[in-house]
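Spelled out from the first residue to the last, the chains are:
Protein chains: 2
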Amino acid sequence: MAVRINENYLKLRGSYLFAEIGRRVAAFKQRNPHARVISLGIGDVTRPLPRAVIESLHQAVDEMGRVETFKGYGPEQGYDFLIKRIIEYDYRSRGIELEEDEVFISDGSKCDTGNIQEIFGADNIVAVTDPVYPVYVDTNVMAGRAGNLDESGKYDRIVYLPCNAENNFIPELPKQRVDMIYLCYPNNPTGMTLPKSELKKWVDYARENKSIILYDAAYEAYIREEDVPHSIYEIEGAKEVAIEFRSFSKTAGFTGTRCAYTVVPKKVMGYTQRGEAVPLNRLWNRRQTTKFNGVSYIVQRGAAAIYTEEGQKQVRELIDYYMANAAIIRQGLLEMGFQVFGGINAPYIWLKIPEGMDSWTFFDKLLNEAHVVGTPGVGFGPSGEGYFRLTAFGSREDTREAIERLKAMKNFC
Amino acid sequence: MAVRINENYLKLRGSYLFAEIGRRVAAFKQRNPHARVISLGIGDVTRPLPRAVIESLHQAVDEMGRVETFKGYGPEQGYDFLIKRIIEYDYRSRGIELEEDEVFISDGSKCDTGNIQEIFGADNIVAVTDPVYPVYVDTNVMAGRAGNLDESGKYDRIVYLPCNAENNFIPELPKQRVDMIYLCYPNNPTGMTLPKSELKKWVDYARENKSIILYDAAYEAYIREEDVPHSIYEIEGAKEVAIEFRSFSKTAGFTGTRCAYTVVPKKVMGYTQRGEAVPLNRLWNRRQTTKFNGVSYIVQRGAAAIYTEEGQKQVRELIDYYMANAAIIRQGLLEMGFQVFGGINAPYIWLKIPEGMDSWTFFDKLLNEAHVVGTPGVGFGPSGEGYFRLTAFGSREDTREAIERLKAMKNFC
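Chains as they are written, first to last, in the numbering used here: chain Y, 1 to 413; chain X, 1 to 413.
No lab work stands behind these hints: they were computed from the structure.
Take these hints with a grain of salt, some might be off.
For identical chains, the list gives no copy identity; a pair is met inside one copy or between any two copies.
Lysine to any residue pairs mimicking SDA-like chemistry, simulated, CA-CA at most 20 angstroms apart [to be verified]: (1) 196 / 404; (2) 11 / 123; (3) 175 / 2; (4) 210 / 62; (5) 313 / 80; (6) 11 / 275; (7) 407 / 234; (8) 175 / 27; (9) 84 / 96; (10) 266 / 2; (11) 196 / 94; (12) 200 / 30; (13) 266 / 46; (14) 267 / 336; (15) 154 / 396; (16) 11 / 277; (17) 200 / 324; (18) 200 / 275; (19) 210 / 331; (20) 11 / 282.
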């Protein structure tokens, strides 16, 4: 007899995608200490926090230094001052009404999209688009919902919804019944979006089948085109079937500062074995109050500053900066003859790798020959094989130089 | 067919203890809008952050505002600059050597002690002291390890280790085999400690039975007496069987700032069904890299500042302040004739309620008659019935006034 581990962990792939990239880059740098590596790989921002955020953070730090204004534990769900502004700026402005206790502030969408599966039963069937952000899959593997990894790189209890150039990255409704559907739009990694008419199909499917949609809108702030929904709640009936995740990471440069939020409308239901409906809002609230202690007061104050006239302006400038990078990458790749997707409503550019090369080979080639780091498509799922992700989060100079270096590589094929 | 919830959540008690306290206090305040309620209930600090921390936070905020020093994603496990100092100040100083990848920075011990069970098998038998910090039990209920709640307020698959005045709050080794043992010393809620000789019994038990000890040392900084272990790793062999949790919350006033850490030595093993040993360090690393994105850079910089000469001095002053409160509470209660425990190596005072009164009745009585909030012992488990927790985290003035108000209440029995 001995204490047992959660053996589902042994079913995970070797390592988290970005850890593997980090390992290869570190090895390259060791071999080439003088090479200047440009990373357009991991989706991490590089511009400083907006001025309004910095000022608000300083004020909050000062509050923590005085007994009169010091803050201890805050509400696990987040402070009202932030929740009210989120509702007003991110939802009411688009005609969506939310109650304050339907919004949960957290320290990141990775945590929230990773933890949300805890409130669901172990036997649910999970559907993910393919390619997909690895966290959705890995956290379900850990929970025992994924089954075993087969030779094609798929888990045998997960339903994969291929998204590729052939279907213009629009997933088809699954043939079999699924319970938990992860959708991310604007999409990571492909940078593509779903028009309202397509998103409506999913909401209708979920209502009909009593399924749940886990809607990751972390890149919402990058949407430029009309008819691209900013929130799933723009679709009629979505409040009955969808949980939405949003983040300050890419909106306001918070990847190292840590703040995000999750919307769980009170109408969204899950069901017991006996068929009783249970509000997921209640379960998530219980999960968060039991296992989480709220986001740093200082950080929440910083996040709140983006919801001011100044803050909004500065956030728009930040996003414009990255989207100008995206245009440079898109344009450069098109000039080089690549088939290119995304980069219009998202900071991600998804390119088709020349025939006959796999995506880790392409990764190594770019790293070794151009000293440019991207992300191999297959790291996001089997249907990502043959594709490669570049991100618009570098500096303007690095982005330009990376594209110049790629252009200087002659032998792509 | 419908998406299923995790029905283990329905086995939880009505609400998280402190949420229930909050509810009763809010109701009281509504009925008595002019009453000045003093809370010695929830274990939340009230003194401002130390000056060294404030300065370090300001510097870090400024770094985030400049492109040259901006920080995006950090290591999920935390920054080296903080980990190195933790090892040096909190462990090496006591003769304990740790490697850097054995320390994981997090946003709170509540999160860590709540999440740690994820890496363990669902069939393990959990042992907790009784009374106990509710998070250990509730997170195992959610994971399906606890069984069902019986009439005595116990879950039928959890092994409870009673701690009460009769055994001087020293738990006995369990008669049956247990796999996961939660120990918290200095103890929340009782404020009591375990001498080295007693802790050694647990380490020996765990080594003999291939069990794991989850050792919560969040209140380590409050230890004043000799022979009280500061870390479980002071006990020989503990690195093979123990995971230790520490927090900046009570050490440096970080309850609203959020930083903690967990030590998972590489020698600590869990086992597969087939008996293979798997390092828990690897599993926890995978859990954290998959579901967590690190603590705010700003906050980690703030935490690092306590490991300086100035910072150490300021933290000692902070703890001295609270421990002077503890002495006032202890002394006051003793003068009133209560049997009192804790408050010597911990900021918690655990008092025996007069015979014939239950702990929620005592809670309501204190709230209604003295406008003082404490925590009913039964909220921490069945063996907590008949006891009541007061905390030393108030201001000096409030602490003194609370004791005066209690003294003014004549009819305790």
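Hints, one by one, checked against the model:
no.: 1; hint: 196 / 404; verdict: neither (37 angstroms within a copy, 65 angstroms between copies)
no.: 2; hint: 11 / 123; verdict: both (17 angstroms within a copy, 18 angstroms between copies)
no.: 3; hint: 175 / 2; verdict: between (43 angstroms within a copy, 16 angstroms between copies)
no.: 4; hint: 210 / 62; verdict: neither (49 angstroms within a copy, 49 angstroms between copies)
no.: 5; hint: 313 / 80; verdict: neither (23 angstroms within a copy, 35 angstroms between copies)
no.: 6; hint: 11 / 275; verdict: between (31 angstroms within a copy, 17 angstroms between copies)
no.: 7; hint: 407 / 234; verdict: neither (42 angstroms within a copy, 59 angstroms between copies)
no.: 8; hint: 175 / 27; verdict: neither (44 angstroms within a copy, 52 angstroms between copies)
no.: 9; hint: 84 / 96; verdict: within (13 angstroms within a copy, 48 angstroms between copies)
no.: 10; hint: 266 / 2; verdict: between (42 angstroms within a copy, 17 angstroms between copies)
no.: 11; hint: 196 / 94; verdict: within (14 angstroms within a copy, 61 angstroms between copies)
no.: 12; hint: 200 / 30; verdict: neither (50 angstroms within a copy, 45 angstroms between copies)
no.: 13; hint: 266 / 46; verdict: neither (37 angstroms within a copy, 34 angstroms between copies)
no.: 14; hint: 267 / 336; verdict: neither (50 angstroms within a copy, 52 angstroms between copies)
no.: 15; hint: 154 / 396; verdict: neither (37 angstroms within a copy, 61 angstroms between copies)
no.: 16; hint: 11 / 277; verdict: between (32 angstroms within a copy, 16 angstroms between copies)
no.: 17; hint: 200 / 324; verdict: neither (31 angstroms within a copy, 62 angstroms between copies)
no.: 18; hint: 200 / 275; verdict: neither (25 angstroms within a copy, 50 angstroms between copies)
no.: 19; hint: 210 / 331; verdict: neither (43 angstroms within a copy, 60 angstroms between copies)
no.: 20; hint: 11 / 282; verdict: between (31 angstroms within a copy, 14 angstroms between copies)
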